[in-house]
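Same order as they appear, the protein sequences are chains A and B.
Per numbering that gives the first Met the number 0, the first sequence runs over residues 0 to 425.
Per numbering that gives the first Met the number 0, the second sequence runs over residues 0 to 193.
Read the hints as simulated data drawn from the structure, not as lab findings.
Think of the CB as a built atom: it goes at the ideal place given N, C-alpha and C, for glycine as much as any other residue.
Be aware that one or more of the hints could be misleading.
[Unchecked claim] Computed footprint of chain B on chain A, listed as stretches where at least three residues anywhere in the stretch have a Cβ under 8 Å from a Cβ of chain B:
| hint | region |
| --- | --- |
| 1 | 196-208 |
| 2 | 341-355 |
| 3 | 365-371 |
[Said to hold, decoys possible] One-sided excerpt, in silico: chain A residues whose CB lies under 8 Å from chain B:
| hint | residue |
| --- | --- |
| 4 | Asp141 |
| 5 | Val361 |
| 6 | Ser362 |
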Amino acid sequence: MPLKRDTSPVSALAVPGFVFGHTMSSIGPVAPQRMHFAEPLTLQSGASLAGYDLVYETYGRLNDARSNAVLVCHALNASHHVAGTYEGQKDSEGWWDNLVGPAKPLDTERFFVIGVNNPGSCFGSTGPADLSPVTGRPYGADFPVVTVEDWVDAQARLLDRLGITQLAAVLGGSLGGMQALSWSLRHPERLRHCIAVATAPNLSAQNIAFNEVARRAIVTDPDFHGGHFYAHGVLPKRGLRVARMIGHITYLSDDAMEQKFGRELRAAELGYSTHDIEFQIESYLRHQGDKFSEYFDANTYLLITRALDYFDPARAHGGDLAKAFAAARAKFLLVSFTTDWRFAPARSREIVKALVDNQRDVSYAEIAAPHGHDAFLLDDPRYHAVMRAYLDNVAAEFASPPPGRPKAGEIPSGDRPAYSPGEGQS
Amino acid sequence: MSDRADLEIIASLVPEGSRVLDLGCGDGTLLAHLREHRGCRGFGIEIDDAKVAACIRRDVKVLQLNLEDGLSLFDDRSFDVVLQLDTLQHLRHTENMLRETARVGRLGIVAFPNFAHWANRVRVASGRMPVTRALPYEWYDTPNIRVGTYADFEVLAGKLGLSVLESFGIQRGRLVRTLPNLLASVAVFKFERT
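With the hints as extra help, turn the sequences into a complete structure.
Structure, rendered in structure tokens:
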């Protein structure tokens, strides 16, 4: 789940995008915006997050009826920068640039797309590296534990402020898919469609185990200092590197890794060394780990993996997922990938079953993509054909609004600011 | 069931407003027809990527699943009608699929190529496997791994404890009620669990 896919060997497996005669072009230069929330956010833990900022980006235009908004939720190490590029920055395409943009499946000429950085992250929204208003020092390990539900509530507040009462769709993959599902349960009337890709109704023991190994790698790094490393002027990079390497292994399928690296050696001959890089896969993992440790916050990694662990909407219903989804009102599209063993198709089918049991509208695509979990970020033509077909229908609903649909002025909104997309950058 | 007339004959068997599960729903033509003309709703199950995308494009709810894995996703009698059109002959576990059809639906409707149609009999009598409109494949490339006859199905239905409510043949878009095992290239059965 890399922030930028740049020259990663994995993306080389993807098919270049040329769909339905449209040359796929990026939306072009975009800029993040920032919004401050003075009112504390009450969290699932019972704690609260005092005054906080959310950083977000929007693409496209909100229509007069305010009915064309789509919220895109990010996964572990991504951000609000979903699509487009940053002026003057090379390789700065957003993490879902192949899906979101003009004439792309999530077409920014029709939809108003919102990407929000979740609190606890390290890409601009209030997170562990920011100063705690209580201590005046970086939160560090004291940043409150946040959950998928907390993120969804924070996102809902942002939408309140943007004057968006109901979303055309919420869309996310992996941990982002969990947020999309959570939206359908916490704010069922606020979205018409829920699109959850490569996700699960909760993490399996094996999945939690991977997260725990990653967390232990970080926490036992001598530079971690109990999460207060900022004061020591160091970063627990060794731990982050290992955490990222473990993660990366689980995002790829065995076959994809075999095809890309196999047993290929870096040198012509064996070096008979236990610490030097011998195999290309080692080189790749170390490179990914190094890159990641340069930009990702260790406390954020702990927080986000914990949010993954905790997500389990069935828990409040005695483990009965169908009971949990009784609250949902949206229409659903679920997508999984056959080679994804981290968020396997069987987990998506559990969600499908819960929705079918509740007689909810759901379509489900199980794409035989070879890339493993990472497939949700790539542009497999079968995957994108399904996304395009579904989103075209979502767009058709507001393209010709049926009589009786409320106009912009009729939408009740407590504190709608004077807002127009593209303004208010900070 | 690609033919329009065949499709309308099958659709007429489905009670108005039914909740329908269409096993092997293809591009969703029948489900869209049932939604628009008979006020039905429900799901299709399809394995083919392009057909799944085609269903989604026409806003037919589709689940991409392998029917060979069974219908464990669905509770007993959770649908008014389960359709299995031109699908039966492609499945390895035919018996199990019929049992599942009868478990999940109050009504089951099955249509499949009737191998005992006179044209097929003539062809086999001449020493060659039939290649016809209903059975358009050569023996070496056919996806039809379970070829049976109208009469065979009656026997299997009895064995599985299915009571046949209605059955007939279809030949070139026309209903065949006289000697369907001989005169129809497509066999149609509507049944329920006894």
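Hints and how they fare:
1. Taking a C-beta to C-beta cut-off of 8 Å, the region 196-208 of chain A contributes 0 residues in contact with chain B, too few for the three needed, and the coverage statement is violated.
2. Counting residues of the region 341-355 of chain A whose CB lies closer than 8 Å to any CB of chain B gives 4, so the stated coverage by that chain holds, three being the minimum.
3. Judged by the Cβ-Cβ criterion of 8 Å, the region 365-371 of chain A is covered by chain B as claimed, because 3 of its residues qualify and three suffice.
4. The criterion of a C-beta within 8 Å of any C-beta in chain B is not met by Asp141(A), whose closest approach is roughly 45 Å, and the hint is violated.
5. The interface hint given for Val361(A) holds, since its Cβ lies 6 Å from the closest Cβ of chain B, which is under the 8 Å cut-off.
6. A cut of 8 Å between beta carbons decides the hint on Ser362(A): the least distance to chain B is about 5 Å, and the hint holds.
Checked against the numbered hints above, the structure breaks hints 1, 4 and satisfies the rest.
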